[in-house]
Amino acid sequence: METTAHIDFIAAAYAAAAIVIAVLILWVIIDYRAQRSKIAELEKQGFTRRSAERPPRQPNSVEQAKEQA
Amino acid sequence: MALVDLANPSRFLKLADHVIPWLAGVTVLIAAFALARAMAAPDDYQQGATVKIMYLHVPSAWLGMLCWGLMSAAALGTLVWRHPLADVTAKAAAPLGAAFTLLCLVTGSLWGRPEWGTYWVWDARLTSELVLLLLYLAVIALWRTVEDPSRAARAVAVLTLVGAIDLPIIKFSVDWWNTLHQGASVFRLGGSTIYPTILMPLFFMTGAFTLLFVTLLLAAMRNEILRRRVRTLQLMQAKAAS
Numbered sequence: 001m002e003t004t005a006h007i008d009f010i011a012a013a014y015a016a017a018a019i020v021i022a023v024l025i026l027w028v029i030i031d032y033r034a035q036r037s038k039i040a041e042l043e044k045q046g047f048t049r050r051s052a053e054r055p056p057r058q059p060n061s062v063e064q065a066k067e068q069a
Numbered sequence: 001m002a003l004v005d006l007a008n009p010s011r012f013l014k015l016a017d018h019v020i021p022w023l024a025g026v027t028v029l030i031a032a033f034a035l036a037r038a039m040a041a042p043d044d045y046q047q048g049a050t051v052k053i054m055y056l057h058v059p060s061a062w063l064g065m066l067c068w069g070l071m072s073a074a075a076l077g078t079l080v081w082r083h084p085l086a087d088v089t090a091k092a093a094a095p096l097g098a099a100f101t102l103l104c105l106v107t108g109s110l111w112g113r114p115e116w117g118t119y120w121v122w123d124a125r126l127t128s129e130l131v132l133l134l135l136y137l138a139v140i141a142l143w144r145t146v147e148d149p150s151r152a153a154r155a156v157a158v159l160t161l162v163g164a165i166d167l168p169i170i171k172f173s174v175d176w177w178n179t180l181h182q183g184a185s186v187f188r189l190g191g192s193t194i195y196p197t198i199l200m201p202l203f204f205m206t207g208a209f210t211l212l213f214v215t216l217l218l219a220a221m222r223n224e225i226l227r228r229r230v231r232t233l234q235l236m237q238a239k240a241a242s
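These protein sequence lines map, in sequence, to chains A and X. For the first sequence, my numbering puts the final residue at 69, and the numbers step up evenly by one. For the second sequence, my numbering puts the final residue at 242, and the numbers step up evenly by one.
Not one of these hints is a red herring.
In silico DSS-like cross-links for lysine-lysine, where the CA-CA straight-line distance does not exceed 30 Å: (1) A:44 x X:14; (2) X:14 x A:38; (3) X:239 x A:44; (4) A:38 x X:239.
Now the stretches of chain X that chain A is said to cover, found in silico as 3 or more residues with beta-carbon under 8 Å: (5) 88-99; (6) 107-113.
Worth flagging that the hints you see were computed from the coordinates, not collected in a lab. For every residue, glycine included, the Cβ atom is placed at its ideal position computed from N, Cα and C.
Construct all of the structure, not just a fragment, from the sequences and the given hints.
Structure follows, in structure tokens:
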């Protein structure tokens, strides 16, 4: 069978794959930007998560506190 | 970093920010190599060049099923252990699984027309694969129906575990019923029936598709965690306004 036989079906399959993969990549990129911009907007208005306001906990803070006590 | 530390969404976000760009780069390189090998592969002695559709169809089918298997494991994580990232994983994975299952059906139809003389036939393999796509759409719809993510997660987890019964049906449909779709030819007792010069590019393409899936899944999980943070902040905003 010649390589060019049914070339339209092969091209259509690869085009469909390219479209589906492109849509998925664009979806995650656009969604990421949208969520980041929403968070930035809300934080500008003064709304932040309580855990974000606390200083990061040191890994051995409990042990150190016990030693200090 | 211990594996259990990844259960913390903040730590997961930090890790994802570092890993995703590298993973995306590796995916592009592997995909370019795999695609070059697929294009250079010889034609099949019976099917001719249409065998090149296999390099898209088989990895898509594999990912459609792998994704539901992953969602089933995440469903157990939600129902049994209430793992913080389990329902995030399940929600992020569903659209990816739906996309790859759709691609499997489309490429299968485009392969079937020149080989079988028809785009579609209601045989067991094709029908069970279509059922998988409908299950994905049902899961996506259920996520959108229930506003509270933790309540939606439990309902989706039950549906996911019930839907998992479709996976062995898809896999063994060609053995249990008389189907137009061919039987297992890659992983089977007695070895693959595909000649190595055609089989190796298939493995490379499957690897590339799997890497793409992992990259997209991590990115979608990061987006879902951010979406939940937006929801928390919006609830704080609404409370402050009232």
